[in-house]
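As given, the protein sequences belong to chains F and H, one line each in that order.
Sequential numbering from 10 applies to the first sequence in this note's numbering.
Sequential numbering from 2 applies to the second sequence in this note's numbering.
If you are wondering where the hints come from, they were derived from the structure by calculation, not from laboratory data.
One should not assume that every hint holds.
Now the stretches of chain F that chain H is said to cover, found in silico as 3 or more residues with beta-carbon under 8 Å [what the hints assert, rightly or not]:
hint : segment
1    : 47-57
2    : 95-107
3    : 116-125
Stretch by stretch, here's where chain F covers chain H in the computed footprint (C-beta under 8 Å, at least three residues) [what the hints assert, rightly or not]:
hint : segment
4    : 17-28
5    : 44-50
6    : 102-111
The beta-carbon is built from N, C-alpha and C at its ideal position, and this holds for glycine as well.
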Amino acid sequence: DTGVSQDPRHKITKRGQNVTFRCDPISEHNRLYWYRQTLGQGPEFLTYFQNEAQLEKSRLLSDRFSAERPKGSFSTLEIQRTEQGDSAMYLCASSPGTSGGTDTQYFGPGTRLTVL
Amino acid sequence: GEDVEQSLFLSVREGDSSVINCTYTDSSSTYLYWYKQEPGAGLQLLTYIFSNMDMKQDQRLTVLLNKKDKHLSLRIADTQTGDSAIYFCAESPFRNTPLVFGKGTRLSVIA
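Construct the entire structure; sequences and hints are all you get.
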């Protein structure tokens, strides 16, 4: 397994369009996290899943954002009616989500979104 | 609320040691992490430390934790040009919970 993968790596869209990003976690990792990173800032938590259940959503996640993990494997993050303020790097991370150990989160390469 | 603070920039000469500092506010922070981010890339886990530890060493990396002062540091021995990147401190109070990150420290290594 080569780690967490994200697709696409880059997305340029016009304001008002919908976009969808995909994240494939490390195989057999139960937990999957989405973070957003803007220029000069650290990643900020958006939402996370334990298998297919969405456990928590940040207040950063407006109603234009929706995330799914339908079969407990890959996840999608959709942004509807994009705004220029949505321009950021969207990072996905996964962790084993089991008892014992640190449950360290491993990050993918990110999807960079530019809204024109 | 939780907050993690880091100095924004650090410049060192190749071969010297680098020390990157971090302070956090949440006294219940149990797990503390250091991640490295190179330009245009995701985050690479470097090391982590539990709150019941004072120090952890891993090859060129040494992590020191002062729980009383809520201060965490990352020392990189024999710093190389390939160490130039942004280093993020992150914490979480419990296992399996989202991380809270600092803004990152940009390390520049001068040859």
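Tested hints:
1. 47-57: holds (count 7)
2. 95-107: The restraint on the segment 95-107 of chain F holds, since 4 of its residues have a Cβ under 8 Å from chain H and three suffice.
3. 116-125: holds (count 5)
4. 17-28: Violated: only 0 residues of the segment 17-28 of chain H have a Cβ under 8 Å from chain F.
5. 44-50: With 4 residues in contact (Cβ-Cβ under 8 Å with chain F), the coverage given for the segment 44-50 of chain H holds.
6. 102-111: holds (count 4)
Hint 4 from the list above is the single one not met by this structure.
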